[in-house]
Amino acid sequence: MSACKCNAHLDDPRAEKLRQIITKYRNTNGALIPVLHEAQELYGHLPIEVQKAISEGLNVPLAEIYGVVTFYTQFSLMPKGKFKIQVCMGTACYVKGANSILDKLKEKLGVDIGDCTEDGLFSLDVCRCIGACGLAPVIMINDEVYGTLTADQIEGIIRKYQERPV
Amino acid sequence: MKSIAELNQIKKDALARISGNNGFRVMVGMATCGIAAGAKPVFNTLAEEIKQRELSNVDLTITGCIGSCRLEPLVEVIDPLGRRVTYAKVDPQKAARIVAEHIVNGRICLDYTIGAALSAPN
Amino acid sequence: MNIYRAHILVCNGEKCNSQNAQAIYDEFKTQIKKNKLEEELTVVQTGCIDQCSQGPVVIIYPSGVIYTMVRIEDVTEIVTEHIIRGNVVNRLLGGENINLDSVIKSLDQVDFFKRQVRIALRNCGVINPESIEEYIAYDGYQALAKVLTGMTPEQVIEVVKESGLRGRGGAGFPTGVKWEFTARAKGDQKYVCCNADEGDPGAFMDRSILEGDPHSVIEAMTIAGFAVDSNQGYIYVRAEYPIAVKRLNIAIAQAKEHGLLGKDIFGTGFNFDLEIRLGAGAFVCGEETALMTSIEGKRGEPRPRPPFPAVKGLWQKPTLLNNVESYANIPAIILKGAQWFSSIGSEKSKGTKVFAVGGKIQNTGLVEIPIGTTLREVVYEIGGGIPNGKEFKAAQIGGPSGGCIPASHVDVAIDYNSLVQLGAMMGSGGLIIMDEDTCMVDLAKFFLEFTADESCGKCPPCRIGTKRMLEILQRITDGKGTAEDIDKLEILAKNIRVSALCGLGQSAPNPILSTLRYFRNEYMAHIQDKKCLAGVCKSLMQYVINAEACRSCGICSRVCPAGCIKGEKNVPYVIDQTKCIKCGACMEKCPFKAIYKNA
Ligand SMILES: Cc1cc2nc3c(=O)[nH]c(=O)nc-3n(C[C@H](O)[C@H](O)[C@H](O)COP(=O)(O)O)c2cc1C
Ligand code: FES
Numbered sequence: 000m001s002a003c004k005c006n007a008h009l010d011d012p013r014a015e016k017l018r019q020i021i022t023k024y025r026n027t028n029g030a031l032i033p034v035l036h037e038a039q040e041l042y043g044h045l046p047i048e049v050q051k052a053i054s055e056g057l058n059v060p061l062a063e064i065y066g067v068v069t070f071y072t073q074f075s076l077m078p079k080g081k082f083k084i085q086v087c088m089g090t091a092c093y094v095k096g097a098n099s100i101l102d103k104l105k106e107k108l109g110v111d112i113g114d115c116t117e118d119g120l121f122s123l124d125v126c127r128c129i130g131a132c133g134l135a136p137v138i139m140i141n142d143e144v145y146g147t148l149t150a151d152q153i154e155g156i157i158r159k160y161q162e163r164p165v
Numbered sequence: 000m001k002s003i004a005e006l007n008q009i010k011k012d013a014l015a016r017i018s019g020n021n022g023f024r025v026m027v028g029m030a031t032c033g034i035a036a037g038a039k040p041v042f043n044t045l046a047e048e049i050k051q052r053e054l055s056n057v058d059l060t061i062t063g064c065i066g067s068c069r070l071e072p073l074v075e076v077i078d079p080l081g082r083r084v085t086y087a088k089v090d091p092q093k094a095a096r097i098v099a100e101h102i103v104n105g106r107i108c109l110d111y112t113i114g115a116a117l118s119a120p121n
Numbered sequence: 000m001n002i003y004r005a006h007i008l009v010c011n012g013e014k015c016n017s018q019n020a021q022a023i024y025d026e027f028k029t030q031i032k033k034n035k036l037e038e039e040l041t042v043v044q045t046g047c048i049d050q051c052s053q054g055p056v057v058i059i060y061p062s063g064v065i066y067t068m069v070r071i072e073d074v075t076e077i078v079t080e081h082i083i084r085g086n087v088v089n090r091l092l093g094g095e096n097i098n099l100d101s102v103i104k105s106l107d108q109v110d111f112f113k114r115q116v117r118i119a120l121r122n123c124g125v126i127n128p129e130s131i132e133e134y135i136a137y138d139g140y141q142a143l144a145k146v147l148t149g150m151t152p153e154q155v156i157e158v159v160k161e162s163g164l165r166g167r168g169g170a171g172f173p174t175g176v177k178w179e180f181t182a183r184a185k186g187d188q189k190y191v192c193c194n195a196d197e198g199d200p201g202a203f204m205d206r207s208i209l210e211g212d213p214h215s216v217i218e219a220m221t222i223a224g225f226a227v228d229s230n231q232g233y234i235y236v237r238a239e240y241p242i243a244v245k246r247l248n249i250a251i252a253q254a255k256e257h258g259l260l261g262k263d264i265f266g267t268g269f270n271f272d273l274e275i276r277l278g279a280g281a282f283v284c285g286e287e288t289a290l291m292t293s294i295e296g297k298r299g300e301p302r303p304r305p306p307f308p309a310v311k312g313l314w315q316k317p318t319l320l321n322n323v324e325s326y327a328n329i330p331a332i333i334l335k336g337a338q339w340f341s342s343i344g345s346e347k348s349k350g351t352k353v354f355a356v357g358g359k360i361q362n363t364g365l366v367e368i369p370i371g372t373t374l375r376e377v378v379y380e381i382g383g384g385i386p387n388g389k390e391f392k393a394a395q396i397g398g399p400s401g402g403c404i405p406a407s408h409v410d411v412a413i414d415y416n417s418l419v420q421l422g423a424m425m426g427s428g429g430l431i432i433m434d435e436d437t438c439m440v441d442l443a444k445f446f447l448e449f450t451a452d453e454s455c456g457k458c459p460p461c462r463i464g465t466k467r468m469l470e471i472l473q474r475i476t477d478g479k480g481t482a483e484d485i486d487k488l489e490i491l492a493k494n495i496r497v498s499a500l501c502g503l504g505q506s507a508p509n510p511i512l513s514t515l516r517y518f519r520n521e522y523m524a525h526i527q528d529k530k531c532l533a534g535v536c537k538s539l540m541q542y543v544i545n546a547e548a549c550r551s552c553g554i555c556s557r558v559c560p561a562g563c564i565k566g567e568k569n570v571p572y573v574i575d576q577t578k579c580i581k582c583g584a585c586m587e588k589c590p591f592k593a594i595y596k597n598a
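Protein chains in written order, with numbering that gives the first Met the number 0: chain Y, 0 to 165; chain X, 0 to 121; chain V, 0 to 598.
I should point out that these hints are in silico values taken from the structure, not numbers from a laboratory.
Just so it is clear, CB atoms sit at the ideal spot from N, CA and C, and this is done for glycine as well.
Please note that the accuracy of each hint is not assured.
Unchecked claim - The calculated BS3-like cross-link candidates involving lysine-lysine, where the alpha carbons are at most 25 Å apart (straight line), are: (1) X:Lys-93 with V:Lys-316; (2) V:Lys-530 with V:Lys-389; (3) X:Lys-1 with X:Lys-39; (4) Y:Lys-159 with V:Lys-588; (5) X:Lys-11 with V:Lys-255; (6) X:Lys-93 with V:Lys-479; (7) V:Lys-389 with X:Lys-11; (8) V:Lys-530 with V:Lys-487; (9) V:Lys-457 with V:Lys-479; (10) V:Lys-255 with Y:Lys-23; (11) V:Lys-588 with V:Lys-389; (12) V:Lys-262 with V:Lys-316.
Claimed, not checked - Short derived list, chain Y residues pointing at chain X, Cβ under 8 Å: (13) Ile-21; (14) Ile-129; (15) Gly-130; (16) Ala-131; (17) Gly-133; (18) Val-137; (19) Ile-140; (20) Gly-146.
Kindly generate the complete structure, drawing on both the sequences and the hints.
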């Protein structure tokens, strides 16, 4: 893994926001997970510098924070793509052929599960049920949900995002 | 809230608004599945059409999951007499027609109803 | 967006269709094209509009004129006279007998809905979930008022006990008894928690309740707080449910604003507050002790029980934990009484259960049925049967902790006890229907992949055991299994069941044991004959081109990502099996259906 390109140095403007988040939760019981959620929203992922800042701010050992971050699949140590693709691999979607959707995405994007395309545009992940099982198989790109998919539709959907102005 | 009387007053007012104003109530199923199936543009079109036609007797609202995912987006229209019509697989174009025909002209769009959707060949 | 001046509806119901309705539809299309009216008019086929004796029926909107017994020769007249000149064709009018009232127009007239009994979902699809007034309009917060102003905590617990409500989160523990334990526990501080983690992949009952009727959960938790003497609640919601979280936040804020949460509710001196905590994508956090560890901000690992949460739960304080659906029933029980509730359901299990019905079934969706309804009713009457003329093979119930019910037991009445007898469980409400195209070994592998992946790693039976079972299943689906593998699976399964620390590990073998019980022949086919009868397991199946049906068009060769299909004009194409990656693209694209799966 090359050096992190996201400029998560703590002198960038997000550092101040992070401090505010920590202050907001300082007196809350069980503050760590809410803080991590908000920090990830801010940075897109949770690089070690951010974890260190949280460790100091909340007075929780870094090792414990790292343990929590790696325990939960929602938290990521790696940067994600501008468009986060999540393929639902819940039972309903699986039974309805989610595998072929996933294969198609891997083929079209040229990446494997958990990776990000070289241009940083897409990252590919699987998830467990987004609760739209009636429309299985389902994928989610950032906040948009696409249901009753067939492998044929994938190319068009990806193109739509590629053509979006950055 | 300090008393049951206060609660009952809210109840009375809300009931009057929901069912007693001689108007239409239009509900769009906007839970995750409805939104995934395209309920947002449907809601926006309904709102737009209602506004353009200056219909003041229509209460357009979101609602939760009606349960029939396969037929989403679902739109329910309750007319001033309390009669319910459920429209299935609604898109913006259909939404516009529902306003024009059902709400303005009182004619149900038979081809969009849930009965039609269920008996149509897939 | 195209707004049409008029719509021509042609009934496409069965009866009309048998009388040439399709040809009439086509003729309208042709005529409209001929008259260059495509921009202004559209022709649509509708489902049966219940005028079968007078079919085929054509309706013209916006005027709403109904033409009956239309023949193909009449189409020209309708188009030129009615559409172009604006004159109604009187001789085709149906007259007085036409009555559209009997047409199915609303959801409550449809079988899918008529057979349901909605208690937990009573407000879903009825009220605006972002408006507390609408919840109040439909009797919202009346139960809380009744409890706070006229009942003692003991009375509340007694009603819940008497109703017979059992936990809807999976284990089915009697809710009233749990409340009683927590009420009796000694502690200066107690907590009330709601499990909205909904980990079963393929289930979305709790999400729908939170998105459609969040106040019902808030009201019930407040009632629970009064019953067990707690003033602080937590709702633990999966982070994958952003809309549910948003609506819950709105609802909590509204309840606080109206003084239905907070201090001195209804002027009775009772205080109760609620907070939302987000999960972060760990299935094990649905387990009660892990959930509490996670709220505490730690890795969501389960703790040994006892002590049970009712004694030592969140931050070591007595804690009551119930599932979303369990809570959603509470206000209705308080208002309508225990007797009313226990009159619904079966002998031993009272009330209703919500199921998320998905998979290979016509009407996917959310259904709430009295406990004791048969699986047959759910699949065929409510669910509308299996699509594409396929056969019902089995239903998977209870997700990764559950089991399957084969077609031979389709008449089972769904309740807690009958399902356990069949080696399945009620679970939280995921009900996935499978047809003949599902391989049961592959399905077991799917669930094992899930549990192995989600195992928190704290106890060895679960951490290591699920991995070993998964490896064996992988071998079998690869066609490398041996007869001993089945024995090994069974031994491992039984050991893990009794030795794992929490419910995740203890129930992880269920999908294997259940498929072995009913579909052992499929395991044997994989092992002995090296065949996957459903044609799912890629290692055991080949794509083959039927030389007689092949027209040598070359499409398959062009779409093949591995470049392993060769052939030439007038010579049937052939797939090189050594290079084939079994993606199925060729079969999908072959215009002559000449490619098939050889299982
Ligand atoms: C691995 C595992 C996952 C669970 N997941 C859930 C869940 O997602 N939702 C839920 O309500 N209960 C879940 N449970 C059951 C809870 O431990 C607990 O029994 C339940 O929430 C209690 O509420 P109830 O009595 O109202 O059913 C799970 C249990 C286990 C062992
Ligand atoms: S299983 Fe895919 S959305 Fe539920």
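Subject >> Given pair status - V:Lys-316, X:Lys-93, alpha carbons within 25 Å >> reply: At roughly 55 Å apart (the allowed maximum being 25 Å), V:Lys-316 and X:Lys-93 break the hint.
Original post:
Regarding the pair V:Lys-530 and V:Lys-389, is the alpha-carbon distance no greater than 25 Å?
Top reply: holds (21 Å)
Original post:
Against chain X, is Y:Gly-130 within 8 Å by beta-carbon distance?
Top reply: Holds, because the Cβ-Cβ distance from Y:Gly-130 to chain X comes to roughly 5 Å (cut-off 8 Å).
**OP:** For the pair we were handed, V:Lys-255 and Y:Lys-23, check the Cα-Cα distance against 25 Å.
**Re:** Judged against 25 Å, a Cα distance of about 20 Å means the pair holds.
Original post:
If you draw a straight line from the CA of X:Lys-11 to the CA of V:Lys-255, is it 25 Å or shorter?
Top reply: Holds, at about 20 Å.
Subject >> 25 Å Cα cutoff - pair V:Lys-389, X:Lys-11 >> reply: violated (51 Å)
Subject >> Proposed interface contact between Y:Ile-129 and chain X, which counts if any beta carbon pair is under 8 Å >> reply: Status holds, d = 7 Å.
**OP:** Decide if the proposed pair is consistent with the structure: V:Lys-588 and V:Lys-389, CA atoms, cutoff 25 Å inclusive.
**Re:** At roughly 22 Å apart (the allowed maximum being 25 Å), V:Lys-389 and V:Lys-588 satisfy the hint.
Original post:
Against chain X, with CB atoms and a cut of 8 Å, does the hint on Y:Ile-140 hold up?
Top reply: violated (12 Å)
Subject >> Interface hint compliance - Y:Ala-131 to chain X, C-beta minimum distance less than 8 Å >> reply: Where the cut-off is 8 Å and the nearest Cβ of chain X is about 5 Å from Y:Ala-131, the hint holds.
Original post:
Between V:Lys-457 and V:Lys-479, is the straight-line Cα distance small enough, at 25 Å or below?
Top reply: The given pair, whose Cα atoms are some 31 Å apart, is violated under the 25 Å limit.
Original post:
Would the pair V:Lys-262 and V:Lys-316 pass a check requiring their Cα atoms to be no farther apart than 25 Å?
Top reply: holds (22 Å)
Against the hints set out earlier in the document, violations occur for numbers 1, 3, 6, 7, 9, 13, 19.
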